[in-house]
Amino acid sequence: AQSVAQPEDQVNVAEGNPLTVKCTYSVSGNPYLFWYVQYPNRGLQFLLKYITGDNLVKGSYGFEAEFNKSQTSFHLKKPSALVSDSALYFCAVRDNNYGQNFVFGPGTRLSVLP
Amino acid sequence: DAGVIQSPRHEVTEMGQEVTLRCKPISGHDYLFWYRQTMMRGLELLIYFNNNVPIDDSGMPEDRFSAKMPNASFSTLKIQPSEPRDSAVYFCASSPGLAGANEQFFGPGTRLTVL
Chain U
8 AQSVAQPEDQ VNVAEGNPLT VKCTYSVSGN PYLFWYVQYP NRGLQFLLKY ITGDNLVKGS
68 YGFEAEFNKS QTSFHLKKPS ALVSDSALYF CAVRDNNYGQ NFVFGPGTRL SVLP
Chain S
56 DAGVIQSPRH EVTEMGQEVT LRCKPISGHD YLFWYRQTMM RGLELLIYFN NNVPIDDSGM
116 PEDRFSAKMP NASFSTLKIQ PSEPRDSAVY FCASSPGLAG ANEQFFGPGT RLTVL
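Here the protein sequences line up with chains U and S, keeping their order.
When the letters of the first sequence are read in order and numbered with my numbering, they come out as residues 8 to 121.
When the letters of the second sequence are read in order and numbered with my numbering, they come out as residues 56 to 170.
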C-alpha cells in the first residue's frame, strides 16, 4: 500500500529565509509525487509534481521540490519565503501501479513571520 | 474555465436530515473525486468516478453515504440520515484522463455542519 508522511505539523520561518517542508513516501511501484497548498477556506491548489526525469522539479510561486529515490523523499523548498506563503501544504503520492488513488499526507502548516 | 464548482458552500442541518452536496467538474475531465477533510482525520478520499462510472467507493464511511454521477458535468454526494460526526468540509476534484500523472483540480469545498 502507498503512504505519505509529513513529519512536521508546523514549520515556522522568517520572511526572506529559505523554507523546507518535508515529505517521505512509501509505494510498491514507481511514485508519482505531488505538492498542493491550501489557503484558509479554500480548496487545494496544485503546486508541482514529479513524474519522471529531472529530480528537481520547479512549480508555481517559486516553489521547487527534489525527488530523492534512495531516501524516498520529496521535500518542498523555496529560496526566500514570503508572508503570503503561509498556508497548509499537502504532499501526495500515487503509485503508478495502483490506479487513480492519491494518498495525501496529513499536511504541514507553514507560518512565515514578517 | 470556471474551475470545479461546488454547491452549497455552507450547509447547516439537523441530525437526521438528508444532505445533498453538488459538484460540477471541469469540462473534459474524465475523473471525479469526492474527499472529506476533518481536523482529526485529514483529507480522506471517499469515492471516485471515471467516465461517470464509480470505480472505487471503499472510502465511503457507511451506507448513509451515496454518490452519483448521472452525466459528465454533474455529481452528487448524499448523506441520509446525517449525523453530527459527518460535520466536515467536503471537496470535489476532477482530473483529466489517462495515467496517474495528472494532478487533480479541487473545488472550493462545502462546509457541512450537522447539529
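Hints in this document: simulated from the structure, not taken from any laboratory.
Mixed in with the good hints, there may be bad ones.
As the list claims (entries may be wrong) - Among chain S residues calculated to face chain U with C-beta under 7 Å, some are:
hint, residue
1, 120
2, 122
3, 143
4, 146
5, 163
6, 164
What the hints assert, rightly or not - If you want the ones that stay clear, here's a sample from chain U, every Cβ over 12 Å from chain S, calculated:
hint, residue
7, 13
8, 20
9, 45
10, 50
11, 61
12, 80
13, 89
14, 95
To be verified - One-sided and incomplete, this derived list gives chain U residues near chain S with beta-carbon spacing under 8 Å:
hint, residue
15, 39
16, 46
17, 47
18, 51
19, 56
20, 58
21, 68
22, 70
23, 113
24, 116
Virtual Cβ for every residue (Gly too), placed ideally from N, Cα, C.
Does the interface hint hold: is residue 113 (chain U) within less than 8 Å of chain S, judged Cβ to Cβ? holds, 5 Å
Beyond 12 Å from every chain S Cβ - status for residue 80 (chain U): It holds; residue 80 (chain U) is separated from chain S by about 19 Å at its closest Cβ, greater than 12 Å.
Is the interface hint satisfied for residue 56 (chain U)? The criterion is a beta-carbon contact with chain S at less than 8 Å. Given a least distance of 6 Å, the restraint on residue 56 (chain U) holds.
Whether residue 95 (chain U) stays farther than 12 Å from all C-beta atoms of chain S, as the label says: violated, 10 Å
Are residue 47 (chain U) and chain S close enough, Cβ to Cβ, to be under 8 Å, as the hint says? violated, 11 Å
Does residue 51 (chain U) pass the interface check with chain S, least Cβ-Cβ distance below 8 Å? holds, 4 Å
Check on residue 13 (chain U) being off the interface with chain S, judged by Cβ distance over 12 Å: Violated: least Cβ distance 10 Å, not greater than 12 Å.
Return the status of the interface hint for residue 116 (chain U): holds when the least beta-carbon distance to chain S is below 8 Å, violated otherwise. violated, 12 Å
Taking the minimum C-beta separation from residue 61 (chain U) to chain S, is that value above 12 Å? Holds, since 15 Å exceeds 12 Å.
Beyond 12 Å from every chain S Cβ: check whether that's true for residue 20 (chain U). The assertion about residue 20 (chain U) holds, with a minimum of 23 Å to chain S.
Restraint check, 8 Å cut-off on beta carbons, for residue 70 (chain U) near chain S: Where the cut-off is 8 Å and the nearest Cβ of chain S is about 14 Å from residue 70 (chain U), the hint is violated.
Against chain S, does residue 45 (chain U) hold up as non-interface, every C-beta pair farther apart than 12 Å? Non-interface label fails for residue 45 (chain U): nearest chain S Cβ at 9 Å, not farther than 12 Å.
Comparing the model with each numbered hint stated earlier shows that hints 1, 2, 3, 7, 9, 10, 14, 16, 17, 21, 22 and 24 do not hold.
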